[in-house]
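Trainee: Please build the complex by placing chain B on the supplied structure of chain A, with the hints as guidance.
One line per chain: the protein sequences are A and B, in this order. Counting along the first sequence from 1, when you hit position 50 you're at 50 in UniProt numbering, and nothing is skipped either side. Counting along the second sequence from 1, when you hit position 152 you're at 152 in UniProt numbering, and nothing is skipped either side.
Hints listed in this document are in silico derivations from the structure and should not be mistaken for laboratory results. Watch out, some of these pointers could steer you wrong.
For identical chains, the list gives no copy identity; a pair is met inside one copy or between any two copies.
[To be verified] Below, computed lysine to any residue pairings styled on SDA-like, alpha-carbon distance capped at 20 Å:
hint: 1; residue 1: K5; residue 2: V45
hint: 2; residue 1: K5; residue 2: D147
hint: 3; residue 1: K164; residue 2: V53
hint: 4; residue 1: K5; residue 2: V82
hint: 5; residue 1: K5; residue 2: R165
hint: 6; residue 1: K164; residue 2: G4
hint: 7; residue 1: K5; residue 2: A116
hint: 8; residue 1: K5; residue 2: Y40
hint: 9; residue 1: K69; residue 2: P124
hint: 10; residue 1: K164; residue 2: D106
hint: 11; residue 1: K69; residue 2: E85
hint: 12; residue 1: K5; residue 2: V105
hint: 13; residue 1: K164; residue 2: I34
hint: 14; residue 1: K69; residue 2: G132
hint: 15; residue 1: K5; residue 2: E23
hint: 16; residue 1: K5; residue 2: R78
hint: 17; residue 1: K5; residue 2: L54
hint: 18; residue 1: K5; residue 2: T107
hint: 19; residue 1: K164; residue 2: P150
hint: 20; residue 1: K164; residue 2: D147
hint: 21; residue 1: K5; residue 2: F113
hint: 22; residue 1: K164; residue 2: E11
hint: 23; residue 1: K5; residue 2: D106
hint: 24; residue 1: K164; residue 2: R71
hint: 25; residue 1: K5; residue 2: M142
hint: 26; residue 1: K164; residue 2: E23
hint: 27; residue 1: K5; residue 2: R162
hint: 28; residue 1: K5; residue 2: A52
Protein chains: 2
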Amino acid sequence: MALGKDYVTQECSIARALEVVGERWTLLVVRDAIYGVRRYNDFLVHLGIPRAVLSTRLRTLTEEGVLEKRRYQESPPRDEYVVTERGAALWPVLRALGRWGREYVDTGRLRSFRHADCGGEVEPFGTCAQCGTLVPVADVVMVPGPDLDPAPADPVSRALLRPKRLLEPLETDAVHLAH
Amino acid sequence: MALGKDYVTQECSIARALEVVGERWTLLVVRDAIYGVRRYNDFLVHLGIPRAVLSTRLRTLTEEGVLEKRRYQESPPRDEYVVTERGAALWPVLRALGRWGREYVDTGRLRSFRHADCGGEVEPFGTCAQCGTLVPVADVVMVPGPDLDPAPADPVSRALLRPKRLLEPLETDAVHLAH
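The following block holds chain A by itself, in its conformation from the complex:
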């Protein structure tokens, strides 16, 4: 059944947010962008979705100001997609979803989050268990957990097996082709 992406009857800020990020795969694209994925082929191999879907999502998120398209190479021309402040502000949404998934879908310990400054664990509502700071997304370090696949097939998942500061660009061994 085809359903439009808007919720015109809903006078509600949750509905307005979902009009921007509520489509299939969109929040996982934002997740990857916050993890530091920037290049088309990295999104492609990590998400494993059809190119048409990825291209549509990247275009919409760029139009909505959640991602910003930046030229990083002129010859041949290559663009990357960098998460904006507006996009990084979606981190609490992703954290809340991930916390619910871990607790209520029982996903095991896939990833944890630590405060870069002091190493304290970032608690469910975003404060550091050690120093009490409300940790900005740029100061969060993602740490792989014991239940992650230790030998994933794609280069982005491999790169994410190392502790990784959020928002900083992810370095992978992937080859970046035109698209």
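Mentor: Below, chain B alone, put in the same frame as chain A:
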């Protein structure tokens, strides 16, 4: 383009959560259930979606343990859908989405949230600005804001124009027919 509802390639608790609540309209059904909507026709008039979509969402959410189906009248038989503890635990996801919508989509002041015990405002990460408690969802009072339509067409929106404690059943003037 048809996309499945699962994210099988994603080893991620965010993806697992979205497999349960990531479909179109699903989080707005959960929102309504947390607001105290329990009856089929109340969901129907408030969401304004096709019956087939609503029925599918209610069935899936019941199967997933987010809602619980309860018989509230025997003759003629009538069921209602009551949010479970698992479902109420999605409140931080909805709050984070709503906060992002208000701040980044500029929805105006539609609703605010107060701590029932002391009247303090519930802050973005769920603590009470007045007493510092991490406020359980059952102790949150939703207060209508100045930018809400003061004369909405449907009975659920009208009932939600009064301050309303979350999870408690919403009383409306709607007629509840068979479905």
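Trainee: So, for every hint listed, does it hold in this structure?
Mentor: So, going through the hints one by one against the coordinates:
| no. | hint | in the structure |
| --- | --- | --- |
| 1 | K5 - V45 | between (26 Å within a copy, 19 Å between copies) |
| 2 | K5 - D147 | neither (35 Å within a copy, 23 Å between copies) |
| 3 | K164 - V53 | neither (27 Å within a copy, 40 Å between copies) |
| 4 | K5 - V82 | neither (24 Å within a copy, 27 Å between copies) |
| 5 | K5 - R165 | neither (33 Å within a copy, 30 Å between copies) |
| 6 | K164 - G4 | neither (37 Å within a copy, 30 Å between copies) |
| 7 | K5 - A116 | neither (37 Å within a copy, 35 Å between copies) |
| 8 | K5 - Y40 | neither (24 Å within a copy, 23 Å between copies) |
| 9 | K69 - P124 | neither (31 Å within a copy, 30 Å between copies) |
| 10 | K164 - D106 | neither (24 Å within a copy, 32 Å between copies) |
| 11 | K69 - E85 | within (14 Å within a copy, 41 Å between copies) |
| 12 | K5 - V105 | between (26 Å within a copy, 15 Å between copies) |
| 13 | K164 - I34 | within (11 Å within a copy, 36 Å between copies) |
| 14 | K69 - G132 | neither (35 Å within a copy, 41 Å between copies) |
| 15 | K5 - E23 | both (7 Å within a copy, 11 Å between copies) |
| 16 | K5 - R78 | neither (30 Å within a copy, 32 Å between copies) |
| 17 | K5 - L54 | both (16 Å within a copy, 16 Å between copies) |
| 18 | K5 - T107 | between (29 Å within a copy, 17 Å between copies) |
| 19 | K164 - P150 | within (16 Å within a copy, 48 Å between copies) |
| 20 | K164 - D147 | within (17 Å within a copy, 42 Å between copies) |
| 21 | K5 - F113 | neither (32 Å within a copy, 27 Å between copies) |
| 22 | K164 - E11 | between (38 Å within a copy, 17 Å between copies) |
| 23 | K5 - D106 | between (30 Å within a copy, 18 Å between copies) |
| 24 | K164 - R71 | neither (24 Å within a copy, 50 Å between copies) |
| 25 | K5 - M142 | neither (32 Å within a copy, 26 Å between copies) |
| 26 | K164 - E23 | neither (27 Å within a copy, 30 Å between copies) |
| 27 | K5 - R162 | neither (36 Å within a copy, 29 Å between copies) |
| 28 | K5 - A52 | both (17 Å within a copy, 17 Å between copies) |
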